[in-house]
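K.L.:
Throw the hints in and build the complete structure from the sequences for me.
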Amino acid sequence: APETILGEVRIRSLRILIGLGLTWFTRYWFPEESISPLAKPFLTL
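When we follow the numbering used here, the leftmost residue of the sequence shown carries the number 1, and every step to the right adds one.
Any given hint could be a false lead.
So the derived label-pair ranges between C-beta atoms look like this [said to hold, decoys possible]:
1. Trp29 to Ala1: 29 to 35 Å
2. Pro2 to Trp29: 39 to 45 Å
3. Phe25 to Ile5: 28 to 34 Å
4. Phe25 to Glu3: 37 to 43 Å
5. Glu3 to Thr23: 37 to 43 Å
Source of the hints: derived by calculation from the structure; they are not laboratory data.
Glycine included, every Cβ here is placed at the ideal spot set by N, Cα and C.
P.N.:
Structure below.
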């Protein structure tokens, strides 16, 4: 049924929007200066 397909598309789009919002939120509140010490061990690998 097309109704279930529309529901799945809405849920997927909401998940993408929430993910983008969280990434922007973390980047906005935590600049690279505060993240770099935590990310350096991962980058050196």
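K.L.:
Do the Cβ positions of Pro2 and Trp29 conform to the proposed distance bound of 39 to 45 Å?
P.N.:
Since the Cβ atoms of Pro2 and Trp29 sit about 40 Å apart, the hinted range of 39 to 45 Å holds.
K.L.:
Honestly, do Phe25 and Ile5 meet the 28 to 34 Å range at C-beta?
P.N.:
At roughly 30 Å between Cβ atoms, Ile5 and Phe25 fall inside 28 to 34 Å, so the hint holds.
K.L.:
Is it true that Trp29 and Ala1 lie within 29 to 35 Å of each other by Cβ?
P.N.:
The hint (29 to 35 Å, Cβ to Cβ) is violated, given that Trp29 and Ala1 are roughly 42 Å apart.
K.L.:
Is it true that the C-beta distance of Phe25 to Glu3 lies inside 37 to 43 Å, as the hint says?
P.N.:
Cβ of Phe25 to Cβ of Glu3: about 32 Å, so the range 37 to 43 Å is violated.
K.L.:
Can you tell me whether the CB distance of Glu3 to Thr23 sits inside 37 to 43 Å?
P.N.:
Violated, since Glu3 and Thr23 (Cβ atoms, about 31 Å apart) do not stay within the stated range.
The earlier numbered hints that this structure contradicts are 1, 4 and 5.
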